[in-house]
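There are 2 protein chains.
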Amino acid sequence: MDKINLLEKLSQFNDYWKPKIVGELNGQHIKLVKLKGEFVWHHHDIEDELFLVLKGTLTIRLKDRDVVLTENEFFIVPRGIEHKPVAIKEVHILLFEPVSTLNTGNVQDSRTVSRPVSIIS
Amino acid sequence: MDKINLLEKLSQFNDYWKPKIVGELNGQHIKLVKLKGEFVWHHHDIEDELFLVLKGTLTIRLKDRDVVLTENEFFIVPRGIEHKPVAIKEVHILLFEPVSTLNTGNVQDSRTVSRPVSIIS
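Residue numbers (this note's numbering), protein chains in the order written: chain A, -16 to 104; chain B, -16 to 104.
The following block holds chain A by itself, in its conformation from the complex (with noise of 0.2 Å):
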């Protein structure tokens, strides 16, 4: 494989949640996803995932709390943790899940990506 630049792999989409692969290892995914507005509660029955925000402000809301993630801040939401992360404005996310995480997890929604694209080449 080639090396991944982040930002340019941002510049080649313009649509929110919608998360694109850009690297496989180990069973995981690294995905990058543009979010604005808010999303809806679900969890993962299997997968811990992690958000990390390379641009914006991302308001990851738990049953018991708000996590506020800003640039260079990431959370990891353990397996069967509702949640439901909002985006007042436009934020950039990186993602690092199991292969076989479902945006939506245990929720079918509109906006629910069964088959992520990727971006990798």
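To be clear, the hints were calculated from the coordinates, so they are not data collected in a lab.
Be aware that one or more of the hints could be misleading.
[As the list claims (entries may be wrong)] Under the rule of at most 27 Å between Cα atoms (straight-line distance), these lysine-lysine pairs were calculated in the BS3-like manner: (1) 72(B) - 19(B); (2) 1(B) - 46(A); (3) 46(B) - 67(B); (4) 67(B) - 1(B); (5) -14(B) - 1(A); (6) 19(B) - 72(A).
Source: prediction; values computed, not measured.
For chain A, the structure is supplied; the task is to place chain B on it using the hints.
Just chain B, lined up with the frame of chain A:
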């Protein structure tokens, strides 16, 4: 867990070639490490290893080519592939790799870190 600020965690240590654990999920570690100089040639038998440059420039020497990474660029070294990280000046790296990964892979060296320190909390 709480959120992790990468720059804050990087400010907590100044030693080279000593990966620090800042996250764990799905059997994988997120580590931060500062590198300067030339590392040893090595490979990992069963682990793919991701290097993401947060600051500076890293050259990953492979047997057939060099991969030069600057800020916001990553490269995945597949399992079994010989590689040698080289940092002419100090470089700050985020690593994604399985919990089982030893920094020097198949090689025992004075810089082998068999039990990386966690700085999550």
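The hints, checked one at a time:
For the hint pairing residue 72(B) with residue 19(B), the CA-to-CA distance comes to about 6 Å; that is within 27 Å, so the pair holds. About 37 Å separates the Cα atoms of residue 1(B) and residue 46(A), which puts this hinted pair outside 27 Å; it is violated. The hinted pair formed by residue 46(B) and residue 67(B) meets the criterion: a straight-line CA distance of about 9 Å does not exceed 27 Å. For the proposed pair residue 67(B) and residue 1(B), the alpha carbon gap of about 16 Å is at most 27 Å, so the pair holds.
Restraint check for residue -14(B) and residue 1(A): the C-alpha separation of about 24 Å stays at or below 27 Å, so the hint holds. Proximity of residue 19(B) to residue 72(A) is assessed by CA-CA distance (about 38 Å); at most 27 Å being required, the pair is judged violated.
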